[in-house]
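2 protein chains.
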Amino acid sequence: MTEEQRNPLLDGKAAPPILVVLSGPSGVGKDSILMRMRDIGFPFHFVVTATSRPMRPGERDGYDYHFLSEERFRSMIEAGELLEWAEVYGHYKGIPKSEVRQALQSGRDVILRIDVQGASTIKQLAPDAVFIFLAPGNFDELRNRLQWRRTESPDQMQQRLQMAAREMEALDQFDYVVVNREDHLDDAVGQIRAIIVAEKHRVRPRRVSL
Amino acid sequence: MTEEQRNPLLDGKAAPPILVVLSGPSGVGKDSILMRMRDIGFPFHFVVTATSRPMRPGERDGYDYHFLSEERFRSMIEAGELLEWAEVYGHYKGIPKSEVRQALQSGRDVILRIDVQGASTIKQLAPDAVFIFLAPGNFDELRNRLQWRRTESPDQMQQRLQMAAREMEALDQFDYVVVNREDHLDDAVGQIRAIIVAEKHRVRPRRVSL
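So the protein lines, in turn, are chains P and G. Be aware that the first sequence starts at 1, since it is given in our numbering, and climbs by one per residue. Be aware that the second sequence starts at 1, since it is given in our numbering, and climbs by one per residue.
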C-alpha cells in the first residue's frame, strides 16, 4: 500500500484493485501495446490468454499465450475454468478464470486483452472493469499490419477487415478509446497509463468482483 | 483539432472542450499547482478569479487574480456577471462568467480553481465538468503552509483548519481526489495531467454548457 493510499484524511482506505480490459479489432496492436507495458514495468498482473491455435514464430508458451491442445481446452470449457472463451477462425481462445481471480484477490491490478466480442461478455460479468477500446489510425494501417504479420490468407484478411468495421460499432460499450497510430505506439501506451492513473484517483473507485 | 480527434473511424468528431474544476481546502496548494501547470504550458485557458481582497506580495493583477474594489465587485454581482461568488473571511471572490463561456465556446479547455463551497455551486450549474479535489497529505502540512504564508492571524488559521476538516466531507461531490504532498508538487501535477488525458479519451465525452 502506498503512502497516498493510506492518507488518513481519506479514511485511510486503500484503493481496490482494478481490472483493465484492453480490446479492439484484430491487428490493431493489442499485443504490441501489452508487450511494451510489460517491458517498461507496469505494476500489473498481465493475464495470459489460453489458445488452441498453433504457436507463431517468436511466441513463448505461458508468456504470449498458454498454448493448449484442443482437447485440454475443451475440458477447461466443460469444467467452467474459463472466464470467457470463443472459437475464432477455427481455434479456441479464452481467459483462465483462476488467474484473474487470484490476482485481484491478492490486491493486484489486472490487465487483459480480448477481442471485441469477448469484451462484451466480460462487461456482463464485471461491469466495473475499465474498458479501453484500441482503435486503428485508419483502415490502411490495419491492412498493413495484418499483411506484415503474414499469418492470414487473403480471404482471412478480408474477413478480418470486415469484422473490424463492424467492431467499431461496439465502441459504445467501452469507457475509453485510444488510437494506436502507426509508429506512435508509445503515445498509445502513455494514454493508457494516464487512464489507469486517473482511474486510481477516482473518488468512487470501481469495485470488481468476479 | 489534432489528427487523433479527426480519426475517420471515430466519426471524425472532435472531442468537446472540458471544464476542469480544481478545488480543496484553503492552503492545500491550488495556486501553486495551477501556477506550475501554467508554467509548463498546459494547453488550457486558466480562469482568473476576481477578488476584492488586497493583493499579497508578489501577486499580479489579471494574472493571479483580478483585483477589484468592493464597489466594482458588487456591481458585477448585481449585473449577474459572476458564475459563482462568495464572501470569504470578509472579502468577495468570484468567477467571471464571460471568461469561462468565451473560452469554452471557442473550443478551448478551461480550468478554474475554487473553494469547496464554490465547487458545489459549479456542480449544480455544470454537472458535466471534471471535479478534482486537492487534498493535503495531512493536517500538519496544511498548518505549515498556512503559517508559511503569514497572511492569517492565529484565529483565522484555526478557523481555516476547522473549515478544512469539514471540507474533507465534501469529497463525495468530486470525481477525482489528488493528494498534494509537501515537496511532491510535480506528482500532483502529473496526476492531474493524467486525469485530463483520460477525460479526453472518454467514449462518451462530457459536454459542458453554461
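There may be inaccurate statements among the hints.
The list treats identical chains as interchangeable, and a pair is accepted whether it falls inside one copy or across any two copies.
Restricting the straight-line Cα-Cα distance to at most 25 Å, the calculated cross-link-like pairs of lysine to any residue (SDA-like) are [as the list claims (entries may be wrong)]:
hint, residue 1, residue 2
1, K200, D183
2, K97, D186
3, K123, P54
4, K123, P205
The hints are simulated quantities; they were obtained by calculation from the structure and are not laboratory data. None of these values were measured; they are calculated from a predicted model.
Report task. Using 25 Å as the alpha carbon limit, work out where K97 and D186 are close: within a copy, between copies, both or neither. Result -> neither (30 Å within a copy, 39 Å between copies)
Query raised in the report: Is it within a copy, between copies, both, or neither that the alpha carbon of K123 lies no farther than 25 Å from that of P205?
Result: Answer is both; intra-copy 17 Å and inter-copy 20 Å each pass.
Report task. At 25 Å max between alpha carbons, let me know whether K200 reaches D183 within a copy, between copies, both or neither. Result -> between (28 Å within a copy, 21 Å between copies)
Requested in this report: First find the shortest C-alpha distance between K123 and P54 inside one copy, then the shortest across copies, and answer within, between, both or neither for a cut-off of 25 Å.
Outcome: neither (28 Å within a copy, 54 Å between copies)
Checked against the numbered hints above, the structure breaks hints 2 and 3 and satisfies the rest.
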